[in-house]
Amino acid sequence: MALSDEQIERYSRHILLKEIGAKGQKKLLEAKVLVIGAGGLGCPVGLYLAAAGVGTIGVADADTVDLSNLQRQIAHTTADIGKPKVQSLKESMEAINPDVTVHAYQKFIDSSNIRELIREYDFIVDGTDNFAAKFLINDACVMEKKPFSHAGILRFQGQLMTYIPGQGPCYRCVFKDMPPKDAIPTCRQAGVIGAMAGVIGSLQAMETVKFITGTGTLLVGQLLTYDGINQSFRKIKLPPCDGKCAICGEHPTITELRDYEQPACELRL
Amino acid sequence: MFITVAGEKKEVKDGLLLKELIEQEKVQTPQYVTVSLNDEFIETADRDQVVLKDGDTVEFLYFMGGGAWH
Amino acid sequence: MAAEEIRADETVDVTHLVCPNTFVKTKVVLDGLDEGQILAVRLNDGEPVQNVPRSLKEEGHEVLRLDPNDDGTFTLYVKKVGD
Numbered sequence: 001m002a003l004s005d006e007q008i009e010r011y012s013r014h015i016l017l018k019e020i021g022a023k024g025q026k027k028l029l030e031a032k033v034l035v036i037g038a039g040g041l042g043c044p045v046g047l048y049l050a051a052a053g054v055g056t057i058g059v060a061d062a063d064t065v066d067l068s069n070l071q072r073q074i075a076h077t078t079a080d081i082g083k084p085k086v087q088s089l090k091e092s093m094e095a096i097n098p099d100v101t102v103h104a105y106q107k108f109i110d111s112s113n114i115r116e117l118i119r120e121y122d123f124i125v126d127g128t129d130n131f132a133a134k135f136l137i138n139d140a141c142v143m144e145k146k147p148f149s150h151a152g153i154l155r156f157q158g159q160l161m162t163y164i165p166g167q168g169p170c171y172r173c174v175f176k177d178m179p180p181k182d183a184i185p186t187c188r189q190a191g192v193i194g195a196m197a198g199v200i201g202s203l204q205a206m207e208t209v210k211f212i213t214g215t216g217t218l219l220v221g222q223l224l225t226y227d228g229i230n231q232s233f234r235k236i237k238l239p240p241c242d243g244k245c246a247i248c249g250e251h252p253t254i255t256e257l258r259d260y261e262q263p264a265c266e267l268r269l
Numbered sequence: 001m002f003i004t005v006a007g008e009k010k011e012v013k014d015g016l017l018l019k020e021l022i023e024q025e026k027v028q029t030p031q032y033v034t035v036s037l038n039d040e041f042i043e044t045a046d047r048d049q050v051v052l053k054d055g056d057t058v059e060f061l062y063f064m065g066g067g068a069w070h
Numbered sequence: 001m002a003a004e005e006i007r008a009d010e011t012v013d014v015t016h017l018v019c020p021n022t023f024v025k026t027k028v029v030l031d032g033l034d035e036g037q038i039l040a041v042r043l044n045d046g047e048p049v050q051n052v053p054r055s056l057k058e059e060g061h062e063v064l065r066l067d068p069n070d071d072g073t074f075t076l077y078v079k080k081v082g083d
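Chains as they are written, first to last, in my numbering: chain A, 1 to 269; chain B, 1 to 70; chain C, 1 to 83.
Isolated chain A, as found in the complex (with noise of 0.2 angstroms):
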């Protein structure tokens, strides 16, 4: 594949860069990328993987824009509300950039569903808000053999690892199981600075990036953290799997992807 002048216009400042250059923004156009949850997370790394030039992304997410994610979800604008939010967000992606293809699964990601989903993709971004869906993307991209990003962003608080098949610690071996119901708070209940998304989704479409394009260093056996109320990053380092993961362990108990519970957002913090 030749890069056309408009490309090499468009995406000259991928391609001066040393680490990247023609081949890794080939490369780019040639990645397939799947963004479960088209929100706070799901919209600056659909919208930077767009303007990246990664050439096949699929964004998934069954809800509709409603005003109270506006703070926060930049993809989305006020004449979007009402519609779906996988919708507004492909609008905004291909208003960045053409070149690119987005396909949009407008429906709830499941047990039944999401292997064969995530099948057709290089790397699956988890932008998704509960636990249930972060589980059940972690086991089955262990199930699938797919790197995957994972993040979590709550008030002032971001954090972000990457699982690349074979390499390091998969999210169950750092969280083991589902919290119960109303254990945790969520965004909704709790708060969140919109700019945390901004950060963190960030983060995820750096990760993305330089997974494609083989660039430097991944966050595989490490958890970032940010807390924007010091301003200060820490790059945790995370234990390897010790073998007894259920899903990525050396004697899997978890052979079935299961649907958890969502839990309800009655917590009053």
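It should be emphasised that the hints constitute simulated quantities derived from the structure, not laboratory data.
All clues given are correct.
Beta-carbon label-pair distances, calculated as ranges: (1) A:L16 <-> B:D14: 55 to 61 angstroms; (2) A:E116 <-> C:D9: 43 to 49 angstroms; (3) C:G82 <-> B:D14: 52 to 58 angstroms; (4) A:A2 <-> C:G82: 18 to 24 angstroms; (5) B:K10 <-> A:A183: 23 to 29 angstroms; (6) A:L257 <-> B:A6: 30 to 36 angstroms; (7) C:E62 <-> B:K10: 54 to 60 angstroms; (8) B:K26 <-> A:D5: 55 to 61 angstroms; (9) C:D71 <-> A:A2: 24 to 30 angstroms; (10) A:E94 <-> B:K26: 44 to 50 angstroms; (11) A:K107 <-> C:T15: 50 to 56 angstroms; (12) A:E120 <-> B:A6: 38 to 44 angstroms.
Taking beta-carbon pairs under 8 angstroms as the criterion, some of the chain C residues facing chain A (in silico): (13) P20; (14) N21; (15) V24; (16) K25; (17) K27; (18) V28; (19) D31; (20) E59.
Here are the computed lysine to any residue pairs in the SDA-like style, where the Cα-Cα straight-line distance is at most 20 angstroms: (21) B:K10 <-> B:R47; (22) A:K18 <-> C:V63; (23) A:K23 <-> C:G32; (24) A:K18 <-> C:E58; (25) A:K237 <-> B:F60; (26) A:K235 <-> B:L61; (27) A:K23 <-> C:H61; (28) A:K235 <-> B:I3; (29) A:K18 <-> C:N21; (30) A:K237 <-> B:L18; (31) A:K18 <-> C:E62; (32) A:K244 <-> B:D39; (33) A:K176 <-> B:Q31; (34) A:K18 <-> C:K79; (35) A:K18 <-> C:S55; (36) B:K26 <-> A:R155; (37) A:K181 <-> B:Q28; (38) A:K181 <-> B:Q31; (39) B:K10 <-> B:V50; (40) A:K176 <-> B:Y62.
Nothing here was measured: the structure is a model prediction, and the numbers come from that model.
Don't be surprised by glycine CBs; every beta carbon is placed ideally from N, CA and C.
Model the placement of chains B and C on the given structure of chain A, informed by the hints.
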């Protein structure tokens, strides 16, 4: 003795149990926080048996949701 | 003294481009060559002559020669180093 907790060096009393440290640090929802000690995960049930030593490194890994999807 | 002729494997004309696209286009064409092959770049005087050879050197390529042409442009010969 000195230990490193979440990246910060701290003086603690000799023979401190991991469980006591967690209380001392006022870790929120401690039963749902993953704890690593010197690059190893510690089972929640073992916390009251783990005696900290000088130079130990303890990290707390918190559950975090986020994004927006349901 | 007439300079020895250099046989280029590929040529690219960047006289219609401005910085940084002069170097970007050169990089893209160079990317399609094999290690050790030579690219001839036709470029304008001024900024391109200053920047393109320097950027190529920074990326580790071997700049062989910069020849003035009769029409005021230059031809830069660069040998690809590395993959």
